[in-house]
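Asker: One letter stands for each residue in the lines below.
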Amino acid sequence: MATPLIKLLHEHREELLDAWLHHAQSIWSGNGNYESLPQESRLRLRSIFDDIATLIAQTTPDDDFELNPEGALANHLHQFVTEQARIGSGANKTIGLMLSLKHLLSTRLFDRSEADAVADLMWLERIFDSLTQLTFTAFVDVREHLITQQSLSLLELSTPVLRLWSRILLLPLVGVIDTIRARQITERLLEAIARHEARVTILDLTGVPVIDTSVAQHLMKTIDAARLLGTQVVMTGISPEGAQTLTKLGIRFGDVLCRATLRAGIAEALLLTGQRISPVEERRS
Amino acid sequence: MMQHQNVPQPMPPERPADPIPSWPPSVASVCVRVETEPDIAAACREIRWLAERMGFARSPAYYLATAASELATNLLIHAGGGWLRAASVAGRHPNEPPGIELVAEDAGPGIADLALALTEGYSTAGGLGCGLPGVERLMDVFAMDSRPGHGTRVRAIKWP
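In order, the protein sequences belong to chains S and E. Heads up: the first sequence begins at 1 in UniProt numbering, then just goes up one per residue. Heads up: the second sequence begins at 1 in UniProt numbering, then just goes up one per residue.
I should point out that these hints are in silico values taken from the structure, not numbers from a laboratory. It is possible that part of the hints are untrue.
[As the list claims (entries may be wrong)] To spell it out: a stretch of chain S is covered by chain E in this simulated footprint if at least three of its residues, at any positions, have a beta carbon under 8 Å from a beta carbon of chain E; those stretches are:
(1) 172-179
(2) 212-223
(3) 232-245
[What the hints assert, rightly or not] Below, computed lysine to aspartate or glutamate pairings styled on EDC-like, alpha-carbon distance capped at 16 Å:
(4) S/K248 - E/D140
(5) S/K248 - E/E120
(6) S/K102 - S/D51
No residue lacks a Cβ here, since even glycine has one placed at the ideal position from N, Cα and C.
Build the full structure now, drawing on both the sequences and the hints.
Answerer: See the structure below:
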């Protein structure tokens, strides 16, 4: 059955596609970007357009339209949105592109003012509703995936346990210590202590912005667990303000060995393990 | 002569569940909605920047940031969220520099026994029990107000 919409698409296919690509170009160059739309994007848009045309030709306005999430159209659209989100293009651009095609088709359909156009307009509306939804979901998915990846790699980077010397570990803490990080720090440290049979662990707090009661509590638990594995903890890098704050809060690190600087902490750790770093000349004589 | 700020204002009888901050825009201020753990760090950071912008020395700025962190943690743990605000307040005397007032407000279960909550080592959530008494010691002015079943408000001022 040839409805006005199918007829329109059949008769003016190339012209409509050109108009849409032209519009895509103007959206693309809207942000002071005077390059032309990349050839891959053009090809992608062309296949999306073909898929939509095929979809419209195969269904009728009376059908309960549901977009096949495994179909070619969904697939092409997903790939296009993923590319766009990767290169950092805004969601409004990508979704605006879909909506512009709907606008184009409905305007042309309306201009023909044939009978049955209303049913076709409603149909167009339904199709593009689900296309827009798919575009939006795909866009958010890509971005969320990116954010998860980034925060995971940040977490990965943020707690290195370094083997400083034989039986001496260094754990430099940088940044905010929240529950997730505290748990990760403890796990990593305990694992490293067991692996290296560490006798001394230097916990350097130079990079921790604020030590409040919850941070202190996390540290205490980490230190207690480390001790059970037979390592002594030397805490370094607490700033003068930090020290004053801790006393005002009434937090005692009781029997934890503390040194003001990392250098002093390393010296203490070497002393505790009965080792020393000596100048080369001394050995020669 | 204005009444000095050490006297806390009595709590208004009817309070909206989520008080909308209404500091005069001319006053240097920070307002953070605390709902998740990262919000605590954000509140702490913002308040430290505010203190640095207002020319606070390192120690009082660190005290303020720590107090903000404690109050924000309390908002999250005990009330499930709330507002933490900080704003400049006029100095005690006309020729003294302005201080910073912290206000932590929530619509949580409230505190039945304020004196007990300020007791060293008392905690209902498995903490160290030195957050609130610590804030009291870190700040120069401290006032707490609570209506069980309606919420809690803590106000504290630090002079530079």
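Asker: The structure should be examined with respect to each hint, and the outcome stated for every one.
Answerer: Each hint tested on the structure:
no.	hint	verdict
1	172-179	holds (count 3)
2	212-223	holds (count 5)
3	232-245	holds (count 6)
4	S/K248 - E/D140	holds (12 Å)
5	S/K248 - E/E120	holds (12 Å)
6	S/K102 - S/D51	holds (14 Å)
Checked against the numbered hints above, the structure violates none of them.
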